[in-house]
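Chemist: Taken in sequence, the protein lines are chains Z and V. Each residue of the first sequence is one higher than the last, beginning at 1 in our numbering. Each residue of the second sequence is one higher than the last, beginning at 254 in our numbering.
Treat each hint with caution, since some may be false.
Facing chain V, a subset of chain Z residues (Cβ under 10 Å, in silico) [what the hints assert, rightly or not]: (1) V79; (2) I156; (3) D160; (4) V161; (5) L209; (6) V212; (7) S213; (8) T217; (9) M220; (10) P221.
Hints in this document: simulated from the structure, not taken from any laboratory. Even glycine gets a Cβ: it sits at the ideal position worked out from N, Cα and C.
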Amino acid sequence: MGAGHAHKLYRHGHSPVHGLPAHCKIAAVFCFVLVVVSTPREALWAFGLYAALLALAAAAARVPARFLLTRLLIEVPFVAFAVLMPFVAEGPRVHVGGLSLSTSGLWGTWNILAKGTLGVAASVLLAATTELRELLQGLQRLRMPPLLVQIASFMIRYGDVITDEMRRMRIARLSRGFEARGVRHWGVLAKSAGALFIRSYERGERVHLAMVSRGYTGTMPVLDAASVTRAQWTRAAALPLAALAVCLLGWTL
Amino acid sequence: MDPLSTTTPAPAPSLAVSRLAYAYPDGHQALFGVDLTVGRGERVALLGPNGAGKTTLVLHLNGILTAGAGTVAVAGLPVAKEHLAEIRRRVGIVFQDPDDQLFMPTVREDVAFGPAAAGLRGAELDARVTEALTRVGMADFADRPPHHLSFGQRRRVAVATVLAMRPEILVLDEPSSNLDPASRRELADILRSLDVTVLMVTHDLPYALELCPRSVVLSGGVIVADGTTQELLCDEELMRTHRLELPFGFDPRSVDVPL
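Okay, chain Z solo, but in the shape it has when bound (with noise of 0.2 Å):
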């Protein structure tokens, strides 16, 4: 055990940030990112601004620089593709260095790497100030149907549980000595992922029973009803609401 301590991206803290009610958080970030995506790809200097405004975020939920950066890179795999459209895109050409690029293939790769950075550090901003059950509850207090949330909550309490009986399937293959070398073992593989996939599945129907015993009929009661100031969700529309000023000067401008 004690694997899967919180999560990685949340980092602990009191600022007023991590205050705020996770469904604020939530609609907040959903309505930057929407903002964001909908501001004309040539306005640059929006784009600007708005990472100044995430910038400003950050600060107030002491979250350091360094923090969110680094965990940007998980976008990396994301955009790669997007680095190749000023080589393949057609239409009129520019010269830099020796390389002929895509004028049209330029502003894709500008428009998909800003927007998809700036979304992806607003939802690091969003994990590192909630935790992952407030997150769950945020999401069905904004009415996501509770079946989905359910099946998240269960990912997140199995997941370690899985993940520990797959290293204990690991344990066993190794300790028969039997070592994972070349394509001639994958068979092996495939079949500890096949009897991996049979023991959740029965794990769950165990748990299914264990619910059905103590009363459950297909619905999860909600248990906290908290309730949330007027005050608060103000302060979390703060950020949706300066990006919108920004894309509506994008617009006009």
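Go by the hints and put chain V onto chain Z.
Modeler: Frame of chain Z; chain V shown alone:
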């Protein structure tokens, strides 16, 4: 007659199983007419070899499985579809693997699950959760995720999750399995301190002797013996016939059974 009001003159037994028979949908018959009565406040051990039908019997007690023939009643209330919710509140089953039992993100939410499903909310619910956790000595762990607890602690929380429903009868499936001796003793202390009827399914015969004055042996889908635990464990013929074996060096005659 209203079954709920029978408690006043002579309390109905916590559990009354009568001529219970059950065959699984694939045709395998597991129970062949089980008769078992457990009085209020009794602690009874249900012993028997693997495959005797113990789990099948347990799953009848709260209506997960429906009797092919015969009846089950909990404190006078028959187990039937129309009062399943009340039956499941009255019968608290603690399953063998606490990871199956504790499915919520924190201990507090998990203990609150049963009473909340029954409609309890707010301060009353909080009080119920605290009470249940205090009874198993886990009140300080309310906000921890279950997978950060030791196995013994998880087993105790699992007991609390059903205590929170104020059950009529506590059904424990192999309560001592995988526990180290200290956790085992702690759990025994907790179980002894509870003022609740207990039915304990176990292979751990010394544990049964320690905790349960009375035992029944289920073998081949019927109850083959019912008596004081010490008597049953000393009956070598009975023990041999039903594949019950005492641990090496353990002599049930030498034990002063706590009353």
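Chemist: Now tell me if each hint is right for this structure.
Modeler: Now the hints, each set against the structure:
1. Proximity of Z/V79 to chain V is violated relative to the hint, the smallest CB-CB distance being about 33 Å (cut-off 10 Å).
2. With a cut of 10 Å, the hint placing Z/I156 at the interface with chain V holds, because the nearest CB-to-CB distance is about 6 Å.
3. For Z/D160, the interface hint holds, since its Cβ comes within 10 Å of a Cβ in chain V; the closest pair sits about 5 Å apart.
4. Interface restraint check for Z/V161: the shortest CB-CB distance to chain V comes to about 5 Å, inside 10 Å, so the restraint holds.
5. Proximity of Z/L209 to chain V holds as hinted, the smallest CB-CB distance being about 6 Å (cut-off 10 Å).
6. Hint on Z/V212 holds. Least Cβ distance to chain V is approximately 6 Å, under the 10 Å limit.
7. The interface hint given for Z/S213 is met, as the beta carbon of that residue sits about 5 Å from the closest beta carbon of chain V, less than 10 Å.
8. The closest approach between the C-beta of Z/T217 and any C-beta of chain V is roughly 7 Å, which is under the 10 Å cut-off, so the hint is satisfied.
9. A cut of 10 Å between beta carbons decides the hint on Z/M220: the least distance to chain V is about 8 Å, and the hint holds.
10. The beta carbon of Z/P221 is positioned within 10 Å of a beta carbon in chain V (closest approach about 4 Å), and the interface hint is therefore held.
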